Amino acid sequence: MGTESMRTPQSADAVTAAGCVTAAWDCQSYSFMGSPRTVIDNLARLPDELMSRRVYMIMVQGDEHCEARIFERFNLGDPKGTVSSWAEKDVPGMVTQITEVLTANRGVHCPGEQVKATIESEREIQVGTPAPAPKTAAEAFGPVLGGFRNDAFVRATVMVLC
965 MGTESMRTPQ
975 SADAVTAAGC
985 VTAAWDCQSY
995 SFMGSPRTVI
1005 DNLARLPDEL
1015 MSRRVYMIMV
1025 QGDEHCEARI
1035 FERFNLGDPK
1045 GTVSSWAEKD
1055 VPGMVTQITE
1065 VLTANRGVHC
1075 PGEQVKATIE
1085 SEREIQVGTP
1095 APAPKTAAEA
1105 FGPVLGGFRN
1115 DAFVRATVMV
1125 LC
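When you line the sequence shown up against our numbering, it's residues 965 to 1126, in that order.
These are computed hints drawn from the structure, not numbers from a lab. Quick caveat: nothing in here was measured; it's all calculated off a predicted structure. Be a bit skeptical, because a hint or two may be false.
To be verified - Straight-line Cα separation of at most 25 Å, DSS-like style, residue types lysine-lysine; simulated pairs: (1) Lys-1099 with Lys-1053; (2) Lys-1053 with Lys-1080; (3) Lys-1099 with Lys-1044; (4) Lys-1080 with Lys-1099.
As the list claims (entries may be wrong) - Cβ pair distances, simulated, as ranges: (5) Gln-992 with Arg-1087: 18 to 24 Å; (6) Phe-1117 with Asn-1039: 37 to 43 Å; (7) Glu-1064 with Thr-986: 20 to 26 Å; (8) Gln-992 with Gln-1090: 24 to 30 Å; (9) Lys-1044 with Ala-1081: 21 to 27 Å; (10) Ser-1085 with Gln-992: 21 to 27 Å; (11) Asp-1005 with Asn-1069: 31 to 37 Å; (12) Gly-1092 with Gly-1071: 26 to 32 Å; (13) Asp-990 with Thr-1060: 31 to 37 Å; (14) Glu-1028 with Thr-986: 36 to 42 Å; (15) Ser-995 with Thr-1100: 18 to 24 Å; (16) Asp-1054 with Glu-1013: 27 to 33 Å; (17) Arg-1113 with Ser-1085: 17 to 23 Å; (18) Asn-1114 with Asp-990: 32 to 38 Å.
Every residue, glycine too, gets a C-beta built ideally from N, C-alpha and C.
Use the sequences and the hints to build the structure in full.
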């Protein structure tokens, strides 16, 4: 399975490496269900400091389709990052799969890299060109939910990795 990638080989700086050690013990997950408007409102209320993390993702399941996006900066202080995206028929299996990866990792390795490696090994991923990283949860997640505004019921899961 091929992937399209705009990533450039970069090594994590010392601040990022230390952040990954800390984040390996502080992964977070948030799930919201309901009308698209309700879910958008709930996502917008997530703490904006989550956007300062290096890797986080959202998975949205609608009436007939789902979409997932991974937001990534190469180092913690980078003002720019990439957004990887893909669509699937259903995301419940993915939420379980990612949870199992994080649990098996047991805080040893960078959780963002562990999850990305798992996802990229099994899915066709499109990676966007570097762009300014979102500063708020509404800025990061609102556009994803825009594609679900005509659905009756959606479920969105945000995972904050490292």
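**Message:** If I claimed the Cβ atoms of Gly-1092 and Gly-1071 lie 26 to 32 Å apart, would that claim hold in this structure?
**Reply:** Between Gly-1092 and Gly-1071, where Cβ atoms are some 30 Å apart, the hint holds.
**Message:** What's the verdict on Lys-1099 and Lys-1044, does the C-alpha distance respect the 25 Å limit or exceed it?
**Reply:** Holds. Lys-1099 to Lys-1044 sits at ~11 Å (cutoff 25 Å).
**Prompt:** Taking only the CA atoms, is the gap from Lys-1053 to Lys-1080 under or equal to 25 Å?
**Reply:** 19 Å, holds
**Asked** Lying within 27 to 33 Å: is that true of the beta-carbon distance Asp-1054 to Glu-1013?
**Response** Since the Cβ atoms of Asp-1054 and Glu-1013 sit about 31 Å apart, the hinted range of 27 to 33 Å holds.
**Request:** For the pair we were handed, Lys-1099 and Lys-1053, check the Cα-Cα distance against 25 Å.
**Result:** Outside the cut-off at roughly 30 Å; violated.
**Prompt:** That 36 to 42 Å hint for Glu-1028 and Thr-986 (C-beta), does it hold up?
**Reply:** Given range 36 to 42 Å: holds, Cβ gap about 39 Å.
**Distance restraint hint 21 to 27 Å, applied to the beta-carbon atoms of Lys-1044 and Ala-1081** = 22 Å, holds
**Thr-986 and Glu-1064 - C-beta distance against the hinted 20 to 26 Å** = 22 Å, holds
**Message:** Assuming the hint says 18 to 24 Å, is it satisfied by the Cβ distance from Ser-995 to Thr-1100 or not?
**Reply:** For Thr-1100 against Ser-995, whose Cβ atoms are near 19 Å apart, the range 18 to 24 Å holds.
**Message:** For the hint 37 to 43 Å, verify it against the beta carbon of Phe-1117 and that of Asn-1039.
**Reply:** 38 Å, holds
**Message:** Quick check: does the Cβ-Cβ distance between Asp-990 and Thr-1060 fall within 31 to 37 Å?
**Reply:** At roughly 21 Å between Cβ atoms, Thr-1060 and Asp-990 fall outside 31 to 37 Å, so the hint is violated.
**Asked** Does 24 to 30 Å hold as the CB distance between Gln-992 and Gln-1090, or does it fail?
**Response** 25 Å, holds
The structure fails to meet hints 1, 13, 17 from the earlier list, while all remaining hints are met.
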